[in-house]
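**Q** This is what each chain is made of:
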Amino acid sequence: MPLLEFTAKGIYCKQADVYLDPWRGVDKAIISHGHSDHARWGSKHYITHEVNVPIIQHRLGRVSVTGKKYGETFHHNGVQFSFHPAGHVPGSAQIRVEYKGEVWVFTGDYKTQIDGISAPFEPVRCHTFITECTFGLPVFQWDEPKIIHDSINQWWAKNHAEKTSSLLMGYSLGKIQRLLKHLDPSIGKIYTHGATEHMTQVLRQFIYFPETELITRDTTKKEVEGNLVLAPPAVLGSAWVKKLGRLSTGYASGWMAFRGARRRRAVDRAFVLSDHADWQGLLSAIKATGCENVITTHGYTDLFAQYLREQGWNARTEKTQYEAETPETAAAE
Amino acid sequence: MRRFAALIEQLDTTNKTNQKVAALANYFKEAPEEDALWAVALLSHRRPSRPITTALMRQWAAEVAQLPEWLFEESYHIVGDLAETIALLVQQDVVGSPPSLSQCIEEIIALKPQKEEEKKAYILNRWQSLDNFERFVFNKILTGGFRIGVSQKLMTRALSKAVDVDENILAHRLMGQWSPATTTFEELILDPKPEDQISQPYPFFLAYVLEDGFQEKEAVLDWHIEHKWDGMRAQLIVREGKLFLWSRGEELITDKFPELDCLAEILPNGSVVDGELLPYKDNIIGDFNALQKRMGRKTVSSKLQKDIPIVIMLYDLLEWEEKDVRILPLAKRQELLTALYKKTKGEGVPLLLSEVLHFSSWKEVAKERDRAQQMRSEGLMLKHKDSPYAVGRKKGTWWKWKSDPKTIDAVLTYAMRGHGRRTNLYTDYTFALWQGEELVTFAKAYSGLTDAEIKQVDQFVKKNTTYRFGPVRQVKPELVFEIAFEGIAASSRHKSGVAVRFPRILRWRHDKKIADANRLEDLKQLLP
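Those protein sequences? They're chains A and B, same order as listed.
Using the numbering used here, the letters of the first sequence correspond one by one to residues 32 to 364.
Using the numbering used here, the letters of the second sequence correspond one by one to residues 382 to 909.
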């Protein structure tokens, strides 16, 4: 019997009778991180890394959540569980599962780059590695984050000099805070959209960020001019944006590596910055686990598994309901 | 190269015409003239001939990236653009510095006669000396098809701003076959010599699709009405005893139509006419496929000339007695053209005059339009009697009023990922009709759906794939679409036995089940 099975409700550990990131309501859910396709509504009890506790409660309301530290072990019916940094977003964890000497690791989502706000990815030795592969294609090769952050600050500074505001868009949980952390506040003021401000406030108890100010009804165009606004991509084309006055728009996502996606998004500047591992990142993570078996869950799963098989791993694909982002859904958060 | 790549990147990041024009004008002003000239050439689809096959480029790229070929191909299908796929896959630390644009293209031209290993060494070296986007642009130059959302008109406008020469004059100077390898910025753009220009065509004037409500606003008597002949638009030039024939795509096609050579003596020097090339035998206009057959041949045999003789149906007069007469009102040009036609008319002269039709009401015009198929035309042209022969597409004075397309309901059977802006979405579809219990492919169509509909169909394709081969997915037959097309002809090259022209999606028939789709016989009934 495999230690973890893929069922209609999620990834299931029969021995412990718990689910990992289930997509339907269950009694006990162990959660890798706070994104909505992994921490889903409807379960009776959630166990997760402690940083995720306020995130999950912010998203799902008053649900029962237990927080754990990285490396802290806990047991269910003889099965040992622990969380290990996944480097994806603050609080994100790989879930290590051990029973009678057999070790499986489920990554949730992860990246091997260091982003300055999440605990850096730590490889965990295991027999079976269940991995995401959102960007599991060799065309994805990320630049050093510093290069991207520098170009964002240069873009902002140039806009500032031209009395144009900069609208910088990205995911509300993780990406926006990563961007914020590396903005240069000496250029100007940093404003936020409601959705991004709330999540940032939740994370301020754990991480230091530059100051932000929420855009309200009373905020005038004049105040915003030359400054930077952080917002989710859904605002593009909305009335909210029109209130901001003269704008240059920027969007940070791994998908911006594709020229077609950049042109479709029709933003002024595209920044290739992802919270997922790129091709080399995925391969190096897998190697570092020393695993024999790989199960790919979301992204370019079939192609990636085929490549891994050719490289000597016992790799296969399992269907899950984690939303493999695509260039189309990347903006539809 | 660096400057040119930066320009392309800039053009990519804006949808605003003014910003595009400004970026281009800026480039033309700042770049060295030889680079600017190559930029003009590339943006008007003149590129150096391809020194290597794309198959080799793929192979080398897979090698550099240390990837199995299948993974390279899959990546290409997902990225949707070969130049970009290679640029992304062969990322490496940049070594050396990029050449200028003109230098780079000279290198590409010089590469053509070289041996394969020399070509490979050069290409691999260049890939390494360029950054990501420069490498993409370099690959684009190599593979051709420089489509980046900049029309020739836009480019001409920007160039006009940069060099301060009237846009229409520039459009004329940029016409025809020229290459930066044999001319200079000065000679071509700034100060051309008249003697270099005897083959130079004028920019074609193009019509818009007729707008709704046109007839209510306009008096029928103000309009010159003729059939829209279904052949190939062309411009015929006779200067200094020589004849030149240009296609609308600015290709010199004189050699393809030797039966027109006699016109060099029949038409007076300094004449330029606009007309339609048509197959014409025994006083009957032939069909478009016959003309295509001739265009497809490298050499034109006398048998082919005999089987499919060609005439030029005259529409307009652009140059008369060595003078540019495009500014004269159409009625005046037509008078001159008619006189010229009458004077030259004779046995075996391959000229016809497109007849100007006279009507007293729009109702009569509509009736004539219904006769289009019978007349072997595509519909009618409406041109204002006072209109000059303008440049490019300008709204208001020339309209095309085509016959209504024929339509048929067909089933979606295969889908393929799109390219460019539509990369990653399934946007290219194959449609089938019933033959007995079987669905037989009859057409492919790429356009006609809204962005929202494309997304829905894309979702359907991803969820209902029954078989995949490379970029193509076979899908469960379930969706029915109304397909419109212009013409139809029997064809032995198509499995269905029928070839349709310009197939496109008219609408998604949510109300129809696949059993309600048309049969192949229904389509065949439409054959003339």
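It cannot be assumed that every hint is accurate.
[To be verified] If you anchor each label on the Cβ, the simulated ranges turn out as follows: (1) A/R347 <-> B/Q816: 38 to 46 Å; (2) A/T38 <-> B/Y848: 48 to 56 Å; (3) A/G225 <-> B/Q816: 40 to 48 Å; (4) B/K748 <-> A/D333: 30 to 38 Å; (5) B/R849 <-> A/K274: 43 to 51 Å; (6) A/D174 <-> B/K704: 42 to 50 Å.
[Stated by the list, open to error] With a straight-line cut-off of 25 Å between C-alpha atoms, the simulated DSS-like cross-links for lysine-lysine are: (7) B/K637 <-> B/K679; (8) A/K350 <-> B/K662; (9) A/K189 <-> B/K574; (10) B/K687 <-> B/K637; (11) A/K274 <-> B/K687; (12) A/K273 <-> B/K397; (13) A/K350 <-> B/K844; (14) A/K40 <-> B/K704; (15) B/K623 <-> B/K542; (16) B/K776 <-> B/K713; (17) B/K493 <-> B/K542; (18) B/K662 <-> B/K713; (19) B/K397 <-> A/K194; (20) B/K397 <-> A/K252; (21) A/K40 <-> B/K410.
Source of the hints: derived by calculation from the structure; they are not laboratory data.
For glycine and all other residues, C-beta sits at the position ideal for the given N, C-alpha and C.
**Q** Work down the list of hints and note, for each, if the structure agrees.
**A** Hint check:
At roughly 41 Å, the beta carbons of A/R347 and B/Q816 sit within the given window of 38 to 46 Å. Restraint check, A/T38 to B/Y848: a C-beta distance of roughly 28 Å breaks the suggested window 48 to 56 Å. Between A/G225 and B/Q816 the beta carbon distance is about 58 Å. The supplied range of 40 to 48 Å is therefore violated. For the pair B/K748 and A/D333, the beta carbons lie near 59 Å from each other, so the given range of 30 to 38 Å is not met.
Range check, B/R849 to A/K274: Cβ separation about 47 Å, and the 43 to 51 Å hint holds. For the pair A/D174 and B/K704, the supplied restraint of 42 to 50 Å is violated, since their beta-carbon distance comes to about 60 Å. At roughly 8 Å between alpha-carbon atoms, B/K637 and B/K679 fall within 25 Å of each other, so this suggested pair holds. Pair hint A/K350 plus B/K662 does not hold up; C-alpha atoms about 64 Å apart against a cutoff of 25 Å.
Annotation: proposed proximity of A/K189 to B/K574 is violated, straight-line Cα distance about 45 Å (limit 25 Å). Between B/K687 and B/K637 the alpha-carbon distance is near 14 Å, which keeps this suggested pair within the 25 Å criterion. Only pairs whose Cα atoms come within 25 Å are accepted, and A/K274 paired with B/K687 is rejected, the gap being roughly 70 Å. As the CA atoms of A/K273 and B/K397 are separated by approximately 17 Å, the hinted pair is consistent with the 25 Å bound.
With a C-alpha separation of about 13 Å, the suggested pair A/K350 and B/K844 falls inside the 25 Å cut-off, and the hint holds. Restraint check for A/K40 and B/K704: not satisfied, since their Cα atoms lie roughly 81 Å apart, outside the 25 Å limit. Between B/K623 and B/K542 the alpha-carbon distance is near 35 Å, which puts this suggested pair outside the 25 Å criterion. Using a Cα cut-off of 25 Å, the hinted pair B/K776 and B/K713 holds, with the two alpha carbons roughly 21 Å apart.
Our distance criterion of 25 Å between C-alpha atoms is broken by B/K493 and B/K542, whose separation comes to about 36 Å. Distance hint between B/K662 and B/K713 is unfulfilled; the C-alpha atoms sit about 31 Å from each other, more than 25 Å. Distance restraint check for B/K397 and A/K194: the Cα-Cα separation of roughly 19 Å lies within the 25 Å cut-off, and the hinted pair is therefore satisfied. Restraint check for B/K397 and A/K252: satisfied, since their Cα atoms lie roughly 22 Å apart, inside the 25 Å limit.
Under the criterion of a C-alpha separation no larger than 25 Å, the hint pairing A/K40 with B/K410 is inconsistent with the structure, at around 63 Å.
In this structure, the earlier hints numbered 2, 3, 4, 6, 8, 9, 11, 14, 15, 17, 18 and 21 are contradicted, and the remaining ones agree with it.
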